[in-house]
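Asker: Here are the chains, one letter per residue:
2 protein chains.
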Amino acid sequence: MTNKKEITAGIIIIGNEVLSGRTKDINTSTLAKWLNSLGIEVKEVRIIPDIEKIIIETVNKLRKRFNYIFTTGGIGPTHDDITAESISKAFNLEYGFHKEAYSILEKYYKPGQFNDGRQKMAKMPTTANLILNPTSGAPGFYIENVFCLPGVPSILESMIGGLNNVLIGGDPILNITINLRTVESEIAHSITLIQNKNKDVEIGSYPFFRAGKLGVSIVLRSADKNKLDQCNLEILKLVNSKRIEIVENV
Amino acid sequence: MTNKKEITAGIIIIGNEVLSGRTKDINTSTLAKWLNSLGIEVKEVRIIPDIEKIIIETVNKLRKRFNYIFTTGGIGPTHDDITAESISKAFNLEYGFHKEAYSILEKYYKPGQFNDGRQKMAKMPTTANLILNPTSGAPGFYIENVFCLPGVPSILESMIGGLNNVLIGGDPILNITINLRTVESEIAHSITLIQNKNKDVEIGSYPFFRAGKLGVSIVLRSADKNKLDQCNLEILKLVNSKRIEIVENV
Numbered sequence: 123m124t125n126k127k128e129i130t131a132g133i134i135i136i137g138n139e140v141l142s143g144r145t146k147d148i149n150t151s152t153l154a155k156w157l158n159s160l161g162i163e164v165k166e167v168r169i170i171p172d173i174e175k176i177i178i179e180t181v182n183k184l185r186k187r188f189n190y191i192f193t194t195g196g197i198g199p200t201h202d203d204i205t206a207e208s209i210s211k212a213f214n215l216e217y218g219f220h221k222e223a224y225s226i227l228e229k230y231y232k233p234g235q236f237n238d239g240r241q242k243m244a245k246m247p248t249t250a251n252l253i254l255n256p257t258s259g260a261p262g263f264y265i266e267n268v269f270c271l272p273g274v275p276s277i278l279e280s281m282i283g284g285l286n287n288v289l290i291g292g293d294p295i296l297n298i299t300i301n302l303r304t305v306e307s308e309i310a311h312s313i314t315l316i317q318n319k320n321k322d323v324e325i326g327s328y329p330f331f332r333a334g335k336l337g338v339s340i341v342l343r344s345a346d347k348n349k350l351d352q353c354n355l356e357i358l359k360l361v362n363s364k365r366i367e368i369v370e371n372v
Numbered sequence: 123m124t125n126k127k128e129i130t131a132g133i134i135i136i137g138n139e140v141l142s143g144r145t146k147d148i149n150t151s152t153l154a155k156w157l158n159s160l161g162i163e164v165k166e167v168r169i170i171p172d173i174e175k176i177i178i179e180t181v182n183k184l185r186k187r188f189n190y191i192f193t194t195g196g197i198g199p200t201h202d203d204i205t206a207e208s209i210s211k212a213f214n215l216e217y218g219f220h221k222e223a224y225s226i227l228e229k230y231y232k233p234g235q236f237n238d239g240r241q242k243m244a245k246m247p248t249t250a251n252l253i254l255n256p257t258s259g260a261p262g263f264y265i266e267n268v269f270c271l272p273g274v275p276s277i278l279e280s281m282i283g284g285l286n287n288v289l290i291g292g293d294p295i296l297n298i299t300i301n302l303r304t305v306e307s308e309i310a311h312s313i314t315l316i317q318n319k320n321k322d323v324e325i326g327s328y329p330f331f332r333a334g335k336l337g338v339s340i341v342l343r344s345a346d347k348n349k350l351d352q353c354n355l356e357i358l359k360l361v362n363s364k365r366i367e368i369v370e371n372v
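Chains X and A supply the protein sequences, listed in that same order.
Add 122 to a position in the first sequence, counting from 1, and you land on the number used in my numbering.
Add 122 to a position in the second sequence, counting from 1, and you land on the number used in my numbering.
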């Protein structure tokens, strides 16, 4: 699989609530789809606890390995929100009130409501760039290639669009999904042959159960539209020859 | 935070479909809750692509770091299912037909239906221990402390109970959740003081939006029931003094 101009990302989900199973992470999916649309491929995700040493080590390891790193979680007002301070330490930067963030939050809250907890949300590397938050005021931030976003999915979702002009992507990754009424083992051998012939297309095969029926999603991904279409044709030819019902081809 | 007899686990989610955002991982939550009930704490999760070299490296790194490793995904019949072969290589073990697995699958399928793709699901480290699959026949397996499970959530869920007597847990991690009608910044300072006094209880604070209303879940976790109850009392005292409404305390 080669994408001529491959731009990569890693995601670091920070939060004991995900490791304990209490919260299901959905930010990975949101970020990955958005990044794919910009031509950036997520290569690894790590879910780690709210422990400063681990956050620093993980960020410092991954930021050298991928073009972009996105962290989620740990930038709120409470004692367990330690991402901003940990990132400051990872980059050896001063952690303190960020003037612009402070001013945004001061205006956001009513007079007398901008208490200690809320002020904490203005603390970060003092030289960070802000990521504006149209939902609840408190901004995220980025330093070099590390982008720090909140953990609450609806807030995160409202903030990422603001980064479209900051990130530099590669060739967008295109995809085609073909949902079939079959089981994987019926087509496994033929799909292997098609994959071997189509090296620049990544073919994924995923069984599903829907409305009480078994099926298989064949997902084709490539940055090259012609090669993607060619591969799609070969899958459709196979499906036709085996008289398999197509549920959907999108 | 110290659990006197801490038993740890790492989870490795193998699959391009999760990294592309197409599939939301829910196996982490299922595994973490089940492991917690056995007194095993999940310390890290990695989501990695279907690439042999990366699977081998990740498994070999993490299996030394944690008591148990669980992998999900990549043990089906198709070309992109490479977990079993990768695990064989990680442990330097022969990859081939596992006699017992072959016999289980041969009985599971009707005569003539046990084709190449299905036979592939009997291939794994030949000396592996099996994890039986009451849902769809094809077993998972384990080698030393590495447990390989399928990616389909309903199948995974039906298989893990079979491991309850194989895993050796520590003190079960108990938890109490207190859902409050407040915002984090109103209680952040007081919760910090309570956390500082209650070092053996992990206090998490998570904002939520539900039925159009803001709230905060305070989650207490500890292996020590007395300390957990003591901490819960302190939170309730705080809540009472601030006249905050309790939505739920479970």
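Be aware that one or more of the hints could be misleading.
Copies of the same chain look alike in the list, so a pair counts if it works inside one copy or between any two.
Within a straight-line C-alpha distance of at most 20 Å, the following computed SDA-like cross-link-like pairs (lysine to any residue) qualify [unchecked claim]:
(1) K232 with L336
(2) K146 with I300
(3) K347 with Y231
(4) K186 with R168
(5) K183 with I204
(6) K321 with I176
(7) K319 with I253
(8) K175 with Y230
(9) K347 with V372
Hint data in this document are derived by calculation from the structure and do not stem from the laboratory.
Asker: Next step is simple, just say for each hint if it's right about the structure.
Answerer: Comparing the hints with the structure gives:
1. K232 with L336: between (55 Å within a copy, 17 Å between copies)
2. K146 with I300: This pair counts as between: shortest inter-copy Cα distance 19 Å, intra-copy 27 Å.
3. K347 with Y231: neither (49 Å within a copy, 40 Å between copies)
4. K186 with R168: So K186 and R168 pass the 20 Å test inside a copy (15 Å) and across (17 Å) alike.
5. K183 with I204: within (18 Å within a copy, 26 Å between copies)
6. K321 with I176: Intra 37 Å, inter 19 Å, cutoff 20 Å: inter-copy only.
7. K319 with I253: The answer is neither: 44 Å in one copy and 35 Å across copies each exceed 20 Å.
8. K175 with Y230: Neither way: K175 and Y230 sit 33 Å apart in one copy and 49 Å across, limit 20 Å.
9. K347 with V372: within (14 Å within a copy, 53 Å between copies)
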